[in-house]
Amino acid sequence: MTTAGGAVVWDVHRLDRDFKLLFSLLGQARLDAFYRDTTVIVAFGDRIVTVSDDKGSRRVAAIPSLSDVDYDTTLGDDRIVYTWRGTAHHNRREHGGEILLKSLLGFKRYLHVNCNGLVRDGKYPRDAGRGKTG
Numbered sequence: 455m456t457t458a459g460g461a462v463v464w465d466v467h468r469l470d471r472d473f474k475l476l477f478s479l480l481g482q483a484r485l486d487a488f489y490r491d492t493t494v495i496v497a498f499g500d501r502i503v504t505v506s507d508d509k510g511s512r513r514v515a516a517i518p519s520l521s522d523v524d525y526d527t528t529l530g531d532d533r534i535v536y537t538w539r540g541t542a543h544h545n546r547r548e549h550g551g552e553i554l555l556k557s558l559l560g561f562k563r564y565l566h567v568n569c570n571g572l573v574r575d576g577k578y579p580r581d582a583g584r585g586k587t588g
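Counting in the working numbering, the sequence shown runs without a single skipped number right up to 588 at its last residue.
Keep in mind that a hint or two might mislead.
EDC-like, lysine to aspartate or glutamate: derived pairs with alpha carbons at most 16 Å apart [claimed, not checked]:
1. K556 / D524
2. K562 / E552
3. K509 / D491
Using C-beta positions, here's what the derived DEER-type ranges look like [stated by the list, open to error]:
4. G560 / D508: 33 to 41 Å
5. S511 / G459: 36 to 44 Å
6. T456 / S511: 43 to 51 Å
7. D532 / V463: 26 to 34 Å
8. A542 / G460: 42 to 50 Å
9. L558 / W538: 32 to 40 Å
10. E548 / V463: 34 to 42 Å
11. A542 / Q482: 18 to 26 Å
12. L572 / G459: 30 to 38 Å
13. L558 / D508: 31 to 39 Å
14. K577 / R546: 15 to 23 Å
15. D491 / F561: 33 to 41 Å
Don't read these hints as lab results, they were simulated from the structure.
From the three backbone atoms N, C-alpha and C, an ideal C-beta is built for every residue, glycine too.
Construct all of the structure, not just a fragment, from the sequences and the given hints.
So this is what it looks like as structure tokens:
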């Protein structure tokens with residue numbers, strides 16, 4: 455394998471690792487909000503994700519490939535607020551939003567979170583007839 459090929463494999467592996475970690479964090483936040491009867495806030499910073507709840511629990515994770523967060527709430531931008539009902543109560547956009555992970559070599563992966571708090575792989579589906587997300 456060439457050096458360039460090795461760099462691509464390493465870069466994609468790193469992107470996939472970050473994707474799996476973020477997917478897991480968001481899924482666990484949804485479950486915690488539902489089963490622990492708590493409000494969970496996932497805040498995104500400069501390649502850092504902070505998950506906290508109203509019971510004092512807090513977890514911080516580094517996501518080096520975190521590039522863009524298109525998810526805004528009534529409690530602030532670049533954050534997701536989960537309650538036992540999902541995320542709709544605090545969403546600024548009716549249906550949720552998406553998160554972009556981008557590798558050093560420019561490979562991209564998207565996650566989207568809908569109003570029920572469900573986390574999915576890929577870009578957020580476009581609204582029929584409106585031509586924009588949300």
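Do the hints match the structure? See the list:
Restraint check for K556 and D524: satisfied, since their Cα atoms lie roughly 14 Å apart, inside the 16 Å limit. Proximity of K562 to E552 is assessed by CA-CA distance (about 13 Å); at most 16 Å being required, the pair is judged to hold. In summary, the hint linking K509 to D491 is supported, as the alpha carbons are separated by about 10 Å, within the 16 Å threshold. Separation of G560 from D508 is about 39 Å and conforms to the stated range, judged on CB atoms against 33 to 41 Å.
In this structure the supplied range 36 to 44 Å holds for S511 paired with G459, their Cβ-Cβ distance being about 42 Å. As the Cβ distance of T456 to S511 is approximately 46 Å, the hint placing it in 43 to 51 Å holds. For D532 paired with V463, a C-beta distance near 31 Å keeps the hint of 26 to 34 Å intact. In this structure the hint that A542 and G460 lie 42 to 50 Å apart at CB holds, the actual value being about 45 Å.
For L558 and W538, the hinted distance range of 32 to 40 Å is satisfied, since their beta carbons lie about 39 Å from each other. Distance hint for E548 and V463: a CB-CB separation of about 40 Å, consistent with the stated range 34 to 42 Å. For the hinted restraint 18 to 26 Å between A542 and Q482, the CB-CB distance of approximately 19 Å keeps it satisfied. Take L572 and G459: their Cβ atoms lie about 36 Å apart, and the range 30 to 38 Å holds.
Taken as a hint, the range 31 to 39 Å holds for the pair L558 and D508, whose Cβ atoms sit roughly 37 Å apart. With their beta carbons about 18 Å apart, K577 and R546 fall inside the hinted range of 15 to 23 Å. Under the hint 33 to 41 Å, the C-beta atoms of D491 and F561, about 39 Å apart, fit the expected range.
Comparing the model with each numbered hint stated earlier shows that all of them hold.
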